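Enquirer: What follows is each chain in one-letter form.
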Amino acid sequence: MLFPTIEFGIFFIIVWVVSFLLRNNLYGKKIFLTIASYFFYGYWDFRFCFLLFFSSTINYIAGLLIEKLEKERVKKSVLIFSIVINLGILGFFKYYNFFISSFNNLIFKLGFTNGLPVLNIILPVGISFFTFQALSYVIDVYRKEIKASESLIDILLYISFFPQLVAGPIVRAKDFLPQLSQHTPTSIKYDRAFILITTGLFKKMIVANYLGSLLVDKVFDNPAEYASIELLFAVYGYAIQIYCDFSAYSDIAIGIAYLLGYEFPKNFNHPYRAESLQDFWRRWHISLSNWLKDYLYIPLGGSRNGKLNTYKNLLITMLLGGLWHGANWTFIIWGVLHGGFLAIERFFKEKFFNDVYHKKTLIVRIFQIAGIFHFVCFCWIFFRSNSLENVFSYLKGFLNFNKQITILSPFLLILIIGGIASQFVPEKFSDKVRGLFNRLPVIAQGIVLGIYFLGLSILSSEGVAPFIYFQF
Amino acid sequence: MERKYCYKDVIIVIIIIIFFTLFFNSKGYINWAINLKSVVFKKIFLNILTPVDKIANILYLDSIYLNLRGLFLSLIKDRDKDKSGDIPLEKDQEESEINYSTKNPLKIIMLGDSMIKESISMAFLKLTKDNKELTTYVSAFYSSGLSRIDAFDWFKQLDSDLINKYDFAVIMLGMNDAQDIIENDRRIILFTEEWNKIYKDRLNLFIQKINSNVKKIVWIGLPFMRDKGYNERMIKLNNLIKEECNKYDNLFFLDPNKILYNNEGYKEYIKIKDKFVQVRIYDGKHFTKDGAILIMEELIKIIYNSFKFETPVNINRSQMIDLIY
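Protein sequences appear in the order of chains A and B. Its first residue numbered 22, the first sequence is counted upward by one per residue in the numbering used here. Its first residue numbered 315, the second sequence is counted upward by one per residue in the numbering used here.
The hints are simulated quantities; they were obtained by calculation from the structure and are not laboratory data. Bear in mind that the values here come from a model prediction, so they are computed numbers and not experimental data. Possibly wrong hints are sitting among the right ones.
[Said to hold, decoys possible] Computed cross-link-like contacts, DMTMM-like style, restricted to lysine to aspartate or glutamate with a CA-CA straight-line distance of at most 25 Å:
(1) 443/B - 238/A
(2) 328/A - 366/A
(3) 581/B - 66/A
(4) 424/A - 447/B
(5) 440/B - 238/A
(6) 322/B - 212/A
(7) 542/B - 28/A
Only chain A is shown next, with the shape it has when bound in the complex:
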């Protein structure tokens, strides 16, 4: 069930009305939202629900054991056991075929004729997201940052809560579980919710879908057929497409959570106006960046054990961050490129620019922003391509100077330029729009939103493309 569909609209209205009726029955509301979340997930494939339940239950029990047991060594064993189970599930569904086919290809080259079996595994939607949420819960309990939840329903709801279940943001237990014991507020942040939902739908249904179907998919599928300028704009187009697609999902998820009386953390903050790659990762997929920092980079040693170890930790963190996105060498190289550049950037910053870093002129800042944007775009070529061969043929395609421009249209240019320009809109603008909206009477607000939704439906592309991050 995708957000911008009639099915989801009906589902959400039912969920919202029932949760409103249950607003004074805290436990009843939690049970209902859990059932609704499992229904939402089972809509893809009901078998996935068993996996979600199994993962939640294991982490619930692990959390309780870690808190109740006294010996540190035993606590650690329980933590390791739960991490192994979580990563085992993720590894089996997501990486089994990748590693087996890579291994088989290697042994065939060595002359063996029989390889290990490749299984027909269906990747459960959102498995990477809910596994990371589950891991954050047990690790936080072990670190004593939160108390283990006594309520199984709280953990079931935390891991399965439908707005963020399949594509984030990755919500921490310490941010979400306390909200479950608070009564639903009598007033709702509906203005914030609707602004997030409407901008999210615009980004997904108009910008991302058109850029994907009219430009990016075609050029990336067959780079040799298109002119070099089209290849360049297809990369810019993909940068905007993936931002609009993914941030749209986060915006809609946060908006839906607001309507149900919960708050999720912000997941994007104008990433393409970053002045350094480190800054980019503070603005792009913030919940994943924070997760990787807290549960991978810092446990690896972070920046505590000297410069070389810091660079190594950055590289490892980003490599695994790349692998988290999918079982493909293209993602691994994407992660290595980011990790490597982060390390180089840190080296230069510490060595040469430590003092001048905060005294930049506008020109320097513009160059930095453009430079980082182009580096990120270059890395997107790896991220978007299906294989390394595709990457090479794409890069080779930049030399197609003699080809005529065939698909780049003014409409696509408007989407790309508008998408880049939107990164520089001041944050106060959104508050101003909200202020204006709030001044309208409720019926006028309804009419404005009704016309807006109608406009979206008129302008949207045919069919509903799945969100890009569903595959991760």
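For chain A, the structure is supplied; the task is to place chain B on it using the hints.
Expert: Here is chain B on its own, set in the frame of chain A:
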């Protein structure tokens, strides 16, 4: 300062939004309801939406919506079709007598849905980009098929596509067709006797229209699908299409399941020359570029075996496989 909203406010806003979207886009909602899998839900929603649609018709609300949408889509029209070029109008070619060459190329038309648009035509054009003795025109439309000609009328489309004469047609249709047919405001349930008859009639009409314009047709069958229920429907439909195709001497039914899977069932990866190759994309429906190339290899063999060319062309499997890696 934050304005406080109560639940009643939100309910009012949601009702107004539903009113706008429902009345202006009633046809879109009806189409959605028709495509529902559950017969019960389909009936419930159609009972609600049909009177809404009637009111929207009387007030011309749906035509406002459709006109605005049509205007916008025409402004951003996909330029792909223009790219395929104009095929000169020629008449009365005699199949066996003609030696096709770069000066007199074999004219191919590819017709179909997203399968043709997204993978098959792209793979074919890639494989034959240096074969100047072939010219290809692609007419493919997302979500199109023969069940819902009220949504997209392939017969009208053929009238404009077949203004020019072609030598060879490649068709792949059906993945959007496992749904009820609406005829004369009546819903005919999928795979009932009546549905089968109507669908067969449309298939035959479709083939005959093309047949009068080309010398040979290849119909690419439907591949196995990942989703179990969808796969079962596709297998049924594939058998029906195959049965009708077999009635035509100059029509060859190319079965992708035989080529990719040896009829063993859906797989995302297959083994070729000791390497694992991904042949289907993550949606479990469409082919990857490599999957499409493997099917196009067979198609190209058929082309070069069926028509005479001035310079004989050797098609060899290892060349094709090399393209994949």
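Enquirer: Now look at each hint and say whether the structure bears it out.
Expert: Status of the hints after comparison with the structure:
1. 443/B - 238/A: Between residue 443/B and residue 238/A the Cα gap is close to 19 Å, so the pair holds against 25 Å.
2. 328/A - 366/A: Holds - the C-alpha atoms of residue 366/A and residue 328/A are around 12 Å apart, at most 25 Å.
3. 581/B - 66/A: Given pair residue 581/B, residue 66/A holds - Cα atoms ~18 Å apart, limit 25 Å.
4. 424/A - 447/B: holds (21 Å)
5. 440/B - 238/A: holds (15 Å)
6. 322/B - 212/A: Distance of about 14 Å is within 25 Å: holds.
7. 542/B - 28/A: With Cα atoms ~21 Å apart, residue 542/B and residue 28/A stay inside 25 Å; holds.
When the structure is compared with the earlier hints, no violation turns up for any of them.
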